[in-house]
Every structure is written in C-alpha cells, then in structure tokens.
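Taking UniProt numbering, the leading residue of the sequence shown gets 1, the next gets one more, and so forth.
Just so you know, these hints were derived from the structure itself, not from any lab. Careful: at least some of the hints might be erroneous.
[Said to hold, decoys possible] Distance ranges between label pairs, derived from CB positions:
#1 Asp106 <-> Asp291: 32 to 38 Å
#2 Glu750 <-> Pro288: 49 to 55 Å
#3 Asp355 <-> Ala487: 31 to 37 Å
#4 Thr354 <-> Arg814: 26 to 32 Å
#5 Asp441 <-> Thr632: 54 to 60 Å
#6 Phe578 <-> Gly626: 27 to 33 Å
#7 Asp191 <-> Thr259: 48 to 54 Å
#8 Glu469 <-> Asp441: 30 to 36 Å
#9 Asp58 <-> Arg93: 48 to 54 Å
#10 Thr632 <-> Phe578: 39 to 45 Å
#11 Glu239 <-> Glu750: 24 to 30 Å
#12 Asp730 <-> Thr259: 39 to 45 Å
#13 Ala122 <-> Leu440: 53 to 59 Å
[As the list claims (entries may be wrong)] With a straight-line cut-off of 25 Å between C-alpha atoms, the simulated BS3-like cross-links for lysine-lysine are:
#14 Lys394 <-> Lys485
#15 Lys806 <-> Lys348
#16 Lys252 <-> Lys569
#17 Lys622 <-> Lys41
#18 Lys569 <-> Lys60
All of these numbers come straight from a predicted model, not from anything done at the bench. For each residue, glycine too, the CB sits at the ideal point set by N, CA and C.
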Amino acid sequence: MSDDDETARADGGTASQSETVEDERFEEHPLEWDEPENNDKAPDERDSVSHRTEKYDDRKLVTGQAKYTADYEERYPDLAYAAVVRSEIPHGRVTDIDTSAAEAMDGVEAVLTPESDAVPDAKYTSAGQSYPEPSPWDMRVLNEHVRYIGDPIAAVAADDRTTASAAVEAIEVSYEEYDYVTDPEDAFGEDAPQLFEGGEVENEIVGHDYDRNRMAHIEGELGDVDAALDGETHVHETEWETIRQSHANVEKHTSLAYTNEDDRHVLITSTQVPNHTRRQLAHLFDIPIRDIRVTKPRVGGGFGGKQAMVVEPIPLALSLATDRPVLYEASREEEFYAMRSRHPMKVKAKTAVTDDGDIEAIDIYALSNTGAYGSHGMTVAGNVGSKPLPLYSKVPNVHFEADIVHTNTPQTGAMRGYGAPQGTLALEGHLDEVARDLGLDPVEFRRRHHMEVGDLDEIAGMMGGEGAERRIRSCGLDECIERGKDAIGYDDLEQPAADHLHRGIGMALSAQGTGVAGDELGAAQIMMNEDGSFHLQVGGVDIGTGADTAFLQIAAEVLGCDEADIVVKSADTDVTPFDYGAYASSTTYISGMAVKKAAEDAKERILDWGSKLLDEPTENLKTGDGTVYSETSGDSVTLEDIGYEAVYGDDEREHILGKGTHCTEESPPPFAAQFADVTVDETTGEFEVHELVVAVDCGVAINPGMAEGQIEGANHMSYEMAVSEGITLDDEGRAEVADFDEYGLPSATETPPIESILVETHEPTGPFGAKSVAEVPTNTVPPALSNAVRDAIGVRVREMPITAEKIKARLDERKD
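Can you build the whole structure from these sequences, using the hints too?
Rendered as structure tokens:
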C-alpha cells in the first residue's frame with residue numbers, strides 16, 4: 001500500500017481502519033520505545049500468545065481447591081470474627097454508645113468505638129488510586145458524625161460469627177438527628193442540609209463547594225460551543241438517567257488481619273489494589289509501609305468495587321486490639337448498603353447539527369450522586385466525558401461539565417466502565433435521536449463522525465486528570481460496525497406477522513481507555529531455575545479475569561518455553577514487584593508489558609549463555625520449544641542445560657534474572673459496536689430482546705477465549721443496567737434490597753443470547769499488539785436497547801431501566 005493509500009484510508013475512511021499507520025501525523029506523538037524483535041511472528045505462528053490457553057487456575061476453581069480470603073480461616077485456630085455497628089439514621093451525630101451488654105457477653109474479645117485507642121482518628125479516602133489520590137480525605141474508620149444509613153460506628157471481635165452478630169445487636173446507640181437530603185438536585189440547592197462543614201475535609205478537590213454539598217466540579221471545552229449552538233443549525237437536547245447498580249460480586253468484601261512473629265501486620269484480603277491498600281493503611285494507622293504486607297488470594301469478582309479500601313481497616317484495628325487474627329466478611333445485606341455501587345447520574349446532551357448532517361458541537365452535562373463520601377466521585381464523573389466524547393473527535397466544538405454532589409445515601413465508587421456507561425447512554429442515545437429526526441441512518445451518521453486511525457484526540461487531553469492528548473494508532477471501528485451489522489441482520493429485518501408487535505434494531509458505539517495515561521506503573525521479575533523452568537513474579541492483580549494466564553502466555557512466548565514450565569506468583573506486596581493494581585483496564589497493557597520486558601531481559605541473558613555453549617553469535621540465535629537454537633547451523637542447547645550451566649558450571653556463574661517496569665503516557669482506546677434486536681408489544685409495552693451482538697477491537701487478544709468471556713460478562717452487566725431497577729432507596733436513603741432475590745440480577749436464562757466478535761487490530765504500544773477489552777462492552781447495551789425500542793415503535797425511554805410500564809406510558813403520551 002502506498003503512502004497516499006494510507007492517508008486516504010485514515011483521513012477519508014475509504015479502506016479498513018483495522019490496521020496501524022505510522023506517518024508524518026505521528027511525528028509529534030512518537031512511540032516511546034521500539035518494538036522488540038520477538039513481535040515478528042504472525043499471530044497464527046505464535047506458540048502461546050493468541051492461543052486459547054486453559055486458565056492458569058481453572059482446575060482449582062472447578063474442583064473447589066482455589067482459596068479465597070474466607071477459606072484461610074482454617075489456618076488460624078485462634079481466629080476472631082468481626083462485625084460492625086452501622087448507623088440507623090441518614091444524618092446526625094452519635095451522642096452515646098452503650099457497649100456494656102456486648103462487652104459482658106462470653107466470647108466477645110473487643111468492642112471498638114471512635115474513642116478507642118486502636119481506632120485511628122486520621123482522615124482518609126477509601127479510593128484505591130495512585131498517590132496523591134484525586135479524591136478527598138473525608139472518611140474515618142468509625143464515625144461520630146454519621147452521614148448515611150450504614151455509616152460504621154462501632155466494631156466487635158468475637159470467638160465466632162454468631163457471638164459477633166449478637167454483640168452488635170446488644171450495642172445501643174443514641175443520636176442527635178440532623179436534617180438530611182437524598183436527591184442530588186435538592187442537595188445542590190442553596191438551603192439543603194449540609195453534609196460537611198468547612199475544615200472537615202482534607203485533600204479537597206478542585207471546584208468543591210461544601211456549602212452546596214458539591215464535592216467537585218469539572219469543566220473543559222474545545223472550540224466555541226455556544227457560538228455553534230447559536231448558528232444556523234439544528235439544536236437537539238435530551239436528558240438521561242442511570243441506575244445505582246450493585247457490583248453483585250459472588251465473593252463478598254472480606255479481609256483477614258494478623259500480626260506475625262516479626263511484629264509485622266499481614267492482611268489477606270479480597271482486593272484489586274494491594275499496594276494502594278498497603279500505603280493507605282500505613283497512613284491511617286501510622287505504621288511504616290515496610291511493616292505491612294498485603295496479599296491477595298483468589299478473588300470472586302471485583303468489577304471496581306474492590307478498587308477501594310472498604311473493609312481492611314476494621315480487622316486490622318481489631319487485630320491490634322486483641323492480638324489475634326481477625327476475619328471480617330461483609331454480609332450480603334451490607335454489600336448492598338454499606339460497600340459501593342455505580343454512581344447514579346442525570347446526564348444532559350445537546351448538539352448543533354447542520355442541514356447536511358454534520359455535527360458542529362456537542363455539549364454534555366452530568367450531575368453525579370457520589371453519596372455520603374467523595375471517594376472516586378471526581379474521576380468517575382470525568383470519564384462521563386473523557387471516554388465517549390473522543391469517539392467523535394472530528395467534531396470541532398465540544399464542551400463537558402459535571403457537578404459531583406453529596407447526598408445522605410450509600411457510598412458510590414469505582415465500577416466497571418467507570419463513568420463511561422453513563423456518558424455513553426446519553427451520547428449514543430442522543431445521537432440516535434438526532435439521526436432519526438434528520439431522516440439519516442443512525443449507523444451511517446456515526447460513520448461520518450467517528451474516530452479513525454491517525455486522528456488526534458484532543459478531547460481526552462482537555463479533560464485533564466485521567467486524560468491526555470493522544471494520536472490514534474489503531475482503530476477497528478468500521479470493521480466492528482460491519483461485522484456487527486451482518487451478525488444481527490441489520491439490513492434484513494423482518495417484522496412479525498401480528499400487527500401489534502413491532503421489531504427494531506438499535507446500535508451504539510463505545511470507546512474506553514487502556515490504563516490511565518501517565519499514571520500507571522507495573523513491574524515484574526522472572527527467575528530462571530536450574531532445570532530451565534521459570535518463576536514469574538508480577539505485581540499485577542488477577543481478580544478472576546485470567547490475568548495470571550495472560551502473563552504466563554506473554555512470558556512463554558518471549559522465552560520460547562512451555563507454559564507449564566512457568567510458575568506465576570502475583571499480587572503480594574512482600575514478594576512481588578510494585579503494581580498499581582487491577583483497574584482502568586490496565587492489567588494486560590501495563591502489567592503485561594512489564595512481564596514482556598522482564599522476559600526479554602531474561603531472554604537476553606539466556607541467549608548470551610546459549611552463545612557461549614554453542615559458540616555462535618547471539619544474533620544467530622532464537623528461543624523456541626525449550627531450546628536456544630541457531631538459525632544458521634541448526635545446533636541447539638536446551639534451556640535446562642543453560643540453567644544448570646549458569647549456576648553450576650565452570651565458567652562465570654550467575655542466577656539468570658529478568659526485570660521489567662512499565663509506565664507510559666499512552667492509553668490507546670479499544671472500541672465496540674453494539675447491536676440489539678427487540679420486539680415490542682404496542683398494547684402492553686412488553687418487549688423481548690432476541691439477541692445482543694457486540695464487536696470489539698481490543699487489538700491482539702492475548703487469549704481469545706478469555707477475551708470473549710470478558711466481552712460476554714461485560715455485556716451481561718450492561719444488560720442489567722438497561723433492565724434492572726438496581727439498588728432502590730427509600731425516602732431516608734435506606735437500601736430496599738438485602739439479597740440477590742430482591743435485587744433482581746438477571747440470570748443466565750433471563751439474559752438474551754450474546755454474540756461476541758473479536759476484531760483484531762495491532763496496537764503498537766501494547767504487548768504483542770494488545771489493548772484492553774474488559775470494560776468497553778460494559779457501556780453499550782442501555783443505549784443500544786433504548787435505540788432498538790425507538791426503532792421498533794417510535795417512542796424512547798431515557799430513564800433506566802427500560803420497562804414495559806415506561807414504554808406503555810410513552811405510547812399513551814404519543815396518543816394524547
């Protein structure tokens with residue numbers, strides 16, 4: 001292909017976008033490193049990467065041998081069990097805590113209140129983010145000023161769970177009750193009850209206004225949106241609303257703390273962020289970082305809810321008070337009202353569009369309910385704009401604004417998609433309306449404006465914080481759209497025979513990030529054993545995604561060994577290198593690249609030893625099939641021979657080690673095209689979703705089977721956002737659900753078939769061309785389903801969830 005052809009493809013969209021181009025457009029955004037030579041194999045020639053390798057821990061998982069945090073109780077015969085006294089009012093101050101009855105109970109080892117010596121008085125944020133955290137320090141471990149029904153007030157340690165629960169029930173708490181507010185629009189008013197007084201919050205966030213319960217304010221603009229809106233264009237405005245969604249992880253938030261024989265404090269905990277948790281505990285308890293060990297066993301679901309230090313301070317404080325190991329496992333009811341959830345939001349979208357269908361301006365405003373405490377509130381709200389808006393980087397005028405507001409409701413936090421689902425619903429639903437109002441095909445309308453290879457994404461940079469200007473090096477959106485259209489039968493839709501039934505197809509596009517640009521770090525080390533096997537130590541965190549397997553495949557591909565010859569140890573702050581953790585879709589891209597660099601470092605030493613043993617220059621040598629072999633002579637030596645020679649031989653000896661650290665200013669977006677096929681009954685509003693199809697460009701899939709699993713799981717969670725009520729609250733902000741039966745999580749039989757399609761591109765900044773996959777399909781079902789209902793019957797639901805009652809109401813309104 002000529003340079004002219006490349007330019008035509010990238011600028012005009014006249015050819016496939018599922019390749020990478022490198023030309024003069026990238027001179028100001030060069031690659032940060034040269035791709036190593038071991039990327040030279042085509043995907044179908046690779047020995048490990050791009051293969052559907054069995055998950056590293058699959059057999060343990062299916063046979064029940066995998067150990068989760070709660071399973072470690074059997075190792076500690078003197079284990080005590082924790083339970084927490086939580087506020088029963090939405091807002092007020094504790095005036096008295098009577099713990100006498102609890103302390104008198106047999107088997108109760110400790111009762112802690114805000115005044116107890118073992119309870120830190122320091123303020124902190126629970127958000128598991130890099131330091132300094134972009135979140136306010138507004139929390140305490142135990143509270144006198146309570147701000148929602150569920151705020152922790154006291155904690156108990158007892159010999160068994162039953163006694164701990166009984167002790168909690170025996171504690172009597174008296175309150176001075178304050179006025180409260182549960183609606184974010186009311187909370188943002190001039191005369192609303194105030195959750196925080198001046199000086200109560202440390203590390204305050206830009207744009208805060210605690211007089212109006214505003215934790216933060218975000219705003220950014222490219223061009224002149226007001227001028228575009230005032231021009232001779234069609235101005236469209238819509239408003240959208242999202243649910244308070246539970247992470248619904250099967251494994252509850254669980255943490256076990258004890259002090260070991262060296263007087264060091266060990267936490268075995270279900271977390272996505274071991275190193276951030278260690279740092280935060282050190283700050284909170286005034287303990288040197290070196291004296292804290294955080295280790296993560298198997299995790300039964302995180303989805304962002306465990307990107308926070310939610311439960312760890314409780315067992316550590318009780319362990320310090322009792323000098324015993326303490327286990328705290330949240331109840332299922334606590335999961336719904338005292339852990340974390342997705343931020344419910346109201347999002348307004350406004351566009352200016354010419355008669356010819358060119359988008360001149362996009363304006364997005366989000367009002368986010370962060371609940372009682374700030375945590376991830378600002379960065380989640382920022383992603384409402386910074387993730388979906390770059391999809392349409394050709395639009396010249398863009399404005400985004402968000403207010404993040406406190407209410408006396410349960411805390412919100414990080415959740416899969418991290419703000420992008422809320423923004424994608426508003427933007428993709430809005431653009432669908434615009435296209436239909438102008439008589440344009442919604443798919444072709446998006447094609448005209450969507451991002452392409454070579455485009456400069458200035459929108460991500462305008463957002464600041466988690467954003468950075470970036471040049472797009474890989475984009476498979478056109479192929480995603482085409483393959484999704486073909487799979488759903490977009491051009492061959494047949495209407496039902498019955499006149500009262502109407503069928504429609506809706507679609508939505510999505511983009512996400514791959515790590516946080518300039519704010520991620522991963523590290524890994526590989527040690528070669530004398531028999532030619534390897535130990536891989538990596539700080540990256542596998543929370544059930546299969547990350548350990550991806551690390552294994554990357555290392556095996558570089559080293560040229562069998563996957564069975566590598567033992568993986570991850571996410572233990574004492575024995576694995578530093579890593580920020582599993583969030584922002586960074587694990588394969590950041591931690592995986594650290595593994596790749598470590599393997600390349602080890603491989604360099606292995607080739608040096610191969611050169612000595614074969615008497616060949618290293619440039620003639622390759623690794624493969626457990627050997628180092630010469631491409632010229634055909635001679636070879638096994639990795640086992642090299643391993644023994646390196647540590648036991650007569651020549652200069654060494655332990656072959658490889659180290660790798662990765663940090664980058666890049667955050668290449670993965671892309672998705674979602675389609676939904678639905679039939680609506682106009683007499684009742686009832687609807688049936690026949691199929692969901694989602695095509696995803698995640699670069700090169702390190703393990704296609706695991707990637708497809710992530711896509712399908714993300715789409716299931718996205719479907720829940722579209723049809724589930726989520727966590728509903730009463731007028732006092734009390735959660736009205738206590739278990740999965742009440743929550744209404746769609747089961748496998750209640751979820752429509754999901755077809756996942758992998759569209760392969762090559763991202764030059766990722767390990768073997770990979771970028772992220774697990775979040776981008778989380779964003780798309782609500783807008784696609786809303787658009788499908790509109791396509792079928794001509795009315796739209798903008799407030800999630802989509803229900804038969806809402807559809808029927810819209811139909812009745814249209815009749816009137």
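Okay, the hints, checked on the actual structure:
1. Asp106 <-> Asp291: 32 to 38 Å: Cβ of Asp106 to Cβ of Asp291: about 33 Å, so the range 32 to 38 Å holds.
2. Glu750 <-> Pro288: 49 to 55 Å: Once the Cβ atoms are compared, 51 Å apart, the range 49 to 55 Å for Pro288 and Glu750 holds.
3. Asp355 <-> Ala487: 31 to 37 Å: 34 Å, holds
4. Thr354 <-> Arg814: 26 to 32 Å: 28 Å, holds
5. Asp441 <-> Thr632: 54 to 60 Å: 58 Å, holds
6. Phe578 <-> Gly626: 27 to 33 Å: Given a distance of about 31 Å, which is inside 27 to 33 Å, the answer is holds.
7. Asp191 <-> Thr259: 48 to 54 Å: 50 Å, holds
8. Glu469 <-> Asp441: 30 to 36 Å: This hint holds: roughly 32 Å between Cβ atoms.
9. Asp58 <-> Arg93: 48 to 54 Å: For Asp58 and Arg93 the Cβ distance comes to about 51 Å; the hint holds.
10. Thr632 <-> Phe578: 39 to 45 Å: 41 Å, holds
11. Glu239 <-> Glu750: 24 to 30 Å: 29 Å, holds
12. Asp730 <-> Thr259: 39 to 45 Å: 42 Å, holds
13. Ala122 <-> Leu440: 53 to 59 Å: Holds, at about 57 Å.
14. Lys394 <-> Lys485: 23 Å, holds
15. Lys806 <-> Lys348: Given that 25 Å is the threshold and the Cα spacing comes to 20 Å, the pair holds.
16. Lys252 <-> Lys569: 23 Å, holds
17. Lys622 <-> Lys41: 12 Å, holds
18. Lys569 <-> Lys60: 15 Å, holds
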